[in-house]
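Asks: Position chain B relative to chain A; hints supplied.
Protein chains: 2
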Amino acid sequence: MKIAKTISSVRKLVQQARTEGKSVGLVPTMGALHQGHISLIEEAAKKTDFVVVSIFVNPTQFGPKEDFKKYPRPLQNDLKLCRRADADVVFAPSAKEMYPQENLTWVSVKKLSEPLCGRSRPGHFRGVITVCSKLFNIVQPDVAFFGQKDAQQTVVIKQMVADLNIPLKIVVCPTVRQSDGLALSSRNQYLSPRERRDAACLYRSLQKCRQMVADGIKETKRIVAQMRKIITAAASAKIEYIEIVDAKTLQPIKKVDRPTLVALAVRIGQTRLIDNILIDAQK
Amino acid sequence: MKIAKTISSVRKLVQQARTEGKSVGLVPTMGALHQGHISLIEEAAKKTDFVVVSIFVNPTQFGPKEDFKKYPRPLQNDLKLCRRADADVVFAPSAKEMYPQENLTWVSVKKLSEPLCGRSRPGHFRGVITVCSKLFNIVQPDVAFFGQKDAQQTVVIKQMVADLNIPLKIVVCPTVRQSDGLALSSRNQYLSPRERRDAACLYRSLQKCRQMVADGIKETKRIVAQMRKIITAAASAKIEYIEIVDAKTLQPIKKVDRPTLVALAVRIGQTRLIDNILIDAQK
Chain A
9 MKIAKTISSV RKLVQQARTE GKSVGLVPTM GALHQGHISL IEEAAKKTDF
59 VVVSIFVNPT QFGPKEDFKK YPRPLQNDLK LCRRADADVV FAPSAKEMYP
109 QENLTWVSVK KLSEPLCGRS RPGHFRGVIT VCSKLFNIVQ PDVAFFGQKD
159 AQQTVVIKQM VADLNIPLKI VVCPTVRQSD GLALSSRNQY LSPRERRDAA
209 CLYRSLQKCR QMVADGIKET KRIVAQMRKI ITAAASAKIE YIEIVDAKTL
259 QPIKKVDRPT LVALAVRIGQ TRLIDNILID AQK
Chain B
9 MKIAKTISSV RKLVQQARTE GKSVGLVPTM GALHQGHISL IEEAAKKTDF
59 VVVSIFVNPT QFGPKEDFKK YPRPLQNDLK LCRRADADVV FAPSAKEMYP
109 QENLTWVSVK KLSEPLCGRS RPGHFRGVIT VCSKLFNIVQ PDVAFFGQKD
159 AQQTVVIKQM VADLNIPLKI VVCPTVRQSD GLALSSRNQY LSPRERRDAA
209 CLYRSLQKCR QMVADGIKET KRIVAQMRKI ITAAASAKIE YIEIVDAKTL
259 QPIKKVDRPT LVALAVRIGQ TRLIDNILID AQK
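As they're listed, the protein sequences go chains A and B. If you want my numbering, it's the 1-based position in the first sequence plus 8. If you want my numbering, it's the 1-based position in the second sequence plus 8.
Only chain A is shown next, with the shape it has when bound in the complex (with noise of 0.2 Å):
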C-alpha cells in the first residue's frame, strides 16, 4: 500500500493504475477509522481494482464552534487499517496541500442542505460538496463509496454528481453497528461510559419507528412522538432533531406511504450524534 501526501503523487499512482486497465474506487475519510470505514474500503475493493482511500479532516466542513482541533487523528492506527483492508493508496494530504490559498470557489446543493443537519450545521454541507468535488477531481474514480449513517450527505451528494454531470458511480453502504444498535462514529470514542450506555437510545427510537409502521401505523406525529419518548428517557440525552422526511426531497412528510428517511440527530453530553433508517413504505 503507497501513502501519497500530495495532489501530484496520488495523481500519479491513479494514472499508473489506469495505464494498466484497472478501475478506480475512492473512499472519502475523515480518517479516525472503525469497522464502518472499513466495510466501504472492502467493498470497494471488491467493485474496483484499485482502492485509493482519502484521509483529510476538511476544515471547511466544520463549524466556527464544532469539534475540528480536537476531531480525532491517528494516522499510523489508520494506516495499518488500510492495509489490512486491501486499500492500494491512501492519500493524506495537508490543510496547505488541499488549500494552498484562500478558497474561493463553493459548490453548494440548494435545497437537499437545508433540512436536517443542514439546519443546525449552516455551511457544513457546502464544505463537504466542496472538499469532495475536489476530491473526485483529483483522484476521477469510477466509483465512490459513502456510509448511509451520512444519509443527508449520500442524498446531497448524488445530486451534485447527476447536476455536474461527474462521470462517477456513487455507492452508498449500509451503516455498521455496535452489539446494541449504536451505529459507529468516530465521534463515539467522545463519550463516557455512562453516555455510550444512554447512546443505545437513538437506534432504539429507530427500531420503535419501525415496529410502528410494520404494525401499520402510518402518522409521522404519533410515530415521532414514541421515538421522542425513548431518548428523553435517556439522561444525558438532548434531541436536536427526528424528523421523518420523503427520502428523495428531504421534505417532512405527514405520513410514512413512500420511501423514507428517518432521520435523528442527538446530543448525548456534549457529543453530536446522528442515525437514521430508511423504510421503503408504498401508499
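None of these hints come from the bench; they were simulated from the model. Warning: the hint list may mix true and false statements.
Identical copies carry no separate label here, and so any pair may be met within one copy or between two of them.
[To be verified] Only pairs whose alpha carbons sit at most 27 Å apart, straight line, appear in this in silico DSSO-like list of lysine-lysine:
#, residue 1, residue 2
1, 177, 20
2, 177, 13
3, 119, 104
4, 256, 104
5, 73, 119
6, 30, 20
7, 262, 216
8, 30, 54
9, 55, 256
10, 13, 30
11, 55, 20
12, 118, 166
13, 30, 177
If you're wondering where the values come from, they're calculated on a predicted model, not measured in any experiment.
Replies: What follows is chain B alone, placed relative to chain A:
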C-alpha cells in the same frame, strides 16, 4: 466533423479520441460565432489533437430581464464555421439535455464574481461557472480556450479550476477587433448603423487609457475621467462602469502600478457591450 446533441454521444467521441492517444481541447461558446470564436477554435486546433466546440445558450447565466430569448442562434451557420475552422466535434445540447431536472447544484466563486459585471448581473458568473463545470465534466478536456474579451470570466474560471483541482489548462486568447477597434461580440448585431458607429467609443477610451499610462500618468481617477469623456461624447452610449483594477484580485486600484485590468461596460442604445485591456505596469 461530428455533431453531438447528447452528453453520452459527445463522451463516446471524446473517449474514442482518447483511445487514439489524442489530447482534447474544448472551446465553450454560446454560438452566434464570429472571428473571435474562430480564433479560439484555431488556437485549440493548434494546441490539441481533438477539438470540441460546445454551442449552448446557457439559460442559467442570463438574468430575468436579459436577452436570453432574443440571443441569436444561427446553428447552421455556426456549424459551417466550425467545420471550416477544423473542429472535430460540435456539442450542441438542448436545455433539457443539460438541465434534465431542477438544477440544485451551483458552483460559485466569491469575491472575484462580485465587482465589475457581477454588480449589474447578479447570478451571471454563478451560471457561467456552473455550466463550465458541467462542460468540463462532460468533455474532460486537457485544455479549454476562452477569450480575453470576457476578462472577468477568465479570472473567475481560472480560480475555479485551481480551487477545485480540475485537471485542465485554461488558455486565454486575445480579443479580436474590427478595423475601428470594436471588440467582436455576438451582441454587436443588435446595433443599428448609428449605434455601430458610436460603439467604437469603448475601444477609443481604452486606447486613451493605454496612451496616458504610456505617457507616465498613473492616477486611475484622472484616467477614468478622460475615458468617461470619450464615451459620453457618443450620443447613444450610457456608461455602466469604467474600472481600473488589479488584474488578479479585480479590486480597484488608485495607481496603475502593477498588472492592471481596465474594463468597462457600456450600453449602446439597448445593447450592453463590454471591453477591456490588460496593462502590464510595474511600480
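Asks: Confirm or reject each hint.
Replies: Results of checking the hints against the structure:
Proximity of residue 177 to residue 20 under the C-alpha cut-off of 27 Å is found in both arrangements, the shortest distances being 22 Å within a copy and 18 Å between copies. Both within a single protomer and between protomers do residue 177 and residue 13 lie at most 27 Å apart by alpha-carbon distance, with minima of 25 Å and 23 Å respectively. Taking the closest pair of Cα atoms, residue 119 and residue 104 come within 27 Å of each other only across two copies (21 Å); inside a single copy the shortest separation is 31 Å, beyond that limit. In this homomeric assembly, residue 256 and residue 104 come within 27 Å of each other (Cα to Cα) only across copies, at 21 Å, whereas the closest approach inside a single copy is 36 Å.
When the C-alpha separation of residue 73 and residue 119 is checked against a cutoff of 27 Å, the pair qualifies both within a copy, at 24 Å, and between copies, at 25 Å. Within a single copy, residue 30 and residue 20 get their C-alpha atoms as close as 14 Å, and across copies as close as 19 Å, so both meet the 27 Å cut-off. Taking CA atoms no more than 27 Å apart as the test, residue 262 paired with residue 216 passes inside one copy only; the shortest distance there is 17 Å, against 67 Å between copies. Proximity of residue 30 to residue 54 under the C-alpha cut-off of 27 Å is restricted to the intra-copy arrangement: shortest distance 13 Å within a copy versus 32 Å between copies.
For a Cα distance limit of 27 Å, the shortest separation of residue 55 from residue 256 inside one copy, 25 Å, qualifies, whereas the shortest one across copies, 44 Å, does not. In the homo-oligomer, the alpha carbons of residue 13 and residue 30 lie at most 27 Å apart inside one protomer (22 Å), although the nearest pairing across protomers, at 30 Å, exceeds that limit. For a Cα distance limit of 27 Å, the shortest separation of residue 55 from residue 20 qualifies both inside one copy, at 22 Å, and across copies, at 23 Å. Taking CA atoms no more than 27 Å apart as the test, residue 118 paired with residue 166 passes in both settings, with 13 Å inside one copy and 24 Å between copies.
Taking the closest pair of Cα atoms, residue 30 and residue 177 come within 27 Å of each other both inside a single copy (16 Å) and across two copies (25 Å).
Every hint, counting from the list given before, is met by this structure.
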